[in-house]
Amino acid sequence: MGNWLRSALAVAAKDIRLELRSKTSLLSGTVFAALVLLIFNFARDPTGLSALDLAPSALWVTYAFASIVTLNRGFAVERENAALDGLLLAPLPRGALYLGKYFANFVFVAFIEAVTLPLFVLFFNLDLSTSWWGIMLVAILATAGFLAAGTVFSAMVIRTSFAELMLPVLLLPFMVPPLMAAAESTAHLLGGRPLSEVMGWLRFLALYDLAFVTLCGMTFSFVVDE
Amino acid sequence: MSMDLAQAQRVVRRGAWLTAIAVVGAVGIYVMALSFTPPDIRQGLAQKIFYIHAPAAWNAMMAFVLVGIASGLYLWLGDPRLDRFAAASAEVGVAFCCVVLTTGPIWGKPIWGTWWTWDARLTLTLFLFFLFLGYLVLRRAIVDPMERGRFSAVVGILGMLLVPFIHLSVYFFRTLHPQPILMKPSSPSLPPEMLRTLLTSFGVFTLLYIGFVTLRYGLALATEAQEARRHA
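The listed protein sequences derive, respectively, from chains A and B. Numbering (my numbering) for the first sequence: 1 to 226. Numbering (my numbering) for the second sequence: 1 to 232.
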């Protein structure tokens with residue numbers, strides 16, 4: 001088990017090192033997320049809709065899009081110089097490969113989310129002094145849910161034509177339950193409600209993450225192996 | 001080679017016959033529903049749409065469940081027949097889902113006063129529709145048949161797992177949809193004439209499902225035979 005986890009972390013470390021050298025995906029992902037937040041602000045009529053009413057959906061639509069953009073590159077980098085073949089030839093359990101890719105994606109998306117959260121506070125003029133750690137908990141659990149099926153699909157779509165279009169078409173239905181839970185609990189937390197009130201949603205998110213990571217790890221070998 | 005094509009043609013012919021019988025049966029249901037079944041006391045004629053809506057919904061759900069089961073078995077056994085069946089069932093399920101999503105609003109407008117509402121069951125049906133539309137799009141985008149089978153089976157299995165989660169998440173909202181009248185612990189609360197029509201329509205639509213799937217399965221066989229001939 002320790003060996004298995006070490007392999008997963010090695011794959012994740014490889015991806016993170018690769019990204020830190022080029023920084024293209026992190027940078028463009030962050031700019032993209034900031035722009036989506038900006039557009040949401042201009043699409044809102046301030047006399048008709050208060051910022052607090054729109055904020056949870058704006059935040060979660062932005063995070064969902066940022067996840068898709070990040071996922072699109074996850075396996076695309078492995079296609080260059082047939083790097084994926086090298087990974088598959090390594091004595092690496094497929095479940096560990098999945099988990100490694102999943103960890104790396106999680107780090108990227110979490111970074112983008114962490115950078116854009118202050119912008120979100122600024123643009124929507126919010127007060128997160130009491131609710132920030134509740135929102136962070138929601139963000140961690142929901143992002144983990146977005147990326148579970150997303151990592152499998154991103155490995156799938158690189159073999160298809162129109163990969164960038166195929167990923168959202170496949171993935172968005174899978175994002176609905178965590179998106180709904182995250183937006184609902186963020187709305188409660190921003191409204192000053194205690195964390196205990198969203199406990200049901202948090203448990204739901206944790207269950208979703210656990211179920212999908214397990215099943216995706218189990219089926220991943222059917223996606224990458226010839 | 002031509003053996004395969006002949007077999008495909010046999011399956012297509014069988015599917016066409018089953019579909020033809022089911023279509024005649026569907027005409028029979030409309031006659032039965034309009035002339036031999038009393039109108040609902042509160043909903044009037046609008047209720048007649050249930051004899052299409054409910055069996056279509058039942059068959060769409062059944063089709064999607066069978067896609068999930070066939071996908072799991074395909075990954076386990078690797079039998080191409082299971083993959084062909086899953087593809088056929090998904091396509092027919094999407095078609096039935098279209099029927100559900102169009103007849104529902106037609107009924108909803110006069111009875112609920114709105115075409116659409118984000119009620120638990122409507123939302124679930126809509127997302128299942130999109131999920132399997134994605135499944136079909138993915139199938140078209142992959143050229144290699146082995147890869148297509150494996151990928152779509154993985155999506156089929158993950159889709160099965162998604163259904164309870166969508167159901168759970170949308171159930172936190174209050175539901176407007178009529179509660180089950182047939183599959184409930186106490187006995188069905190429908191007058192016998194209506195129950196007879198409804199059960200007949202379920203039977204006819206299931207036959208329609210079998211006919212469509214057989215037809216689609218045969219067409220897939222024919223496509224494969226044609227491909228094999230071209231490569232030979």
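Hints are computed from structural coordinates only; laboratory data are not their basis. Be a bit skeptical, because a hint or two may be false.
Said to hold, decoys possible - If you only want the chain B side, here are some residues facing chain A, beta carbon under 7 Å, derived:
(1) R150
(2) L161
(3) I166
Claimed, not checked - Calculated Cβ distances over 10 Å to all of chain B for the following chain A residues:
(4) L38
(5) R94
(6) S131
(7) A149
(8) L202
A virtual CB, placed ideally from N, CA and C, is assigned to each residue, including glycine.
Hints, verified against the model:
no., hint, result
1, R150, "holds (5 Å)"
2, L161, "holds (6 Å)"
3, I166, "holds (6 Å)"
4, L38, "holds (28 Å)"
5, R94, "holds (12 Å)"
6, S131, "holds (20 Å)"
7, A149, "violated (6 Å)"
8, L202, "holds (13 Å)"
When the structure is compared with the earlier hints, a violation turns up for hint 7 alone.
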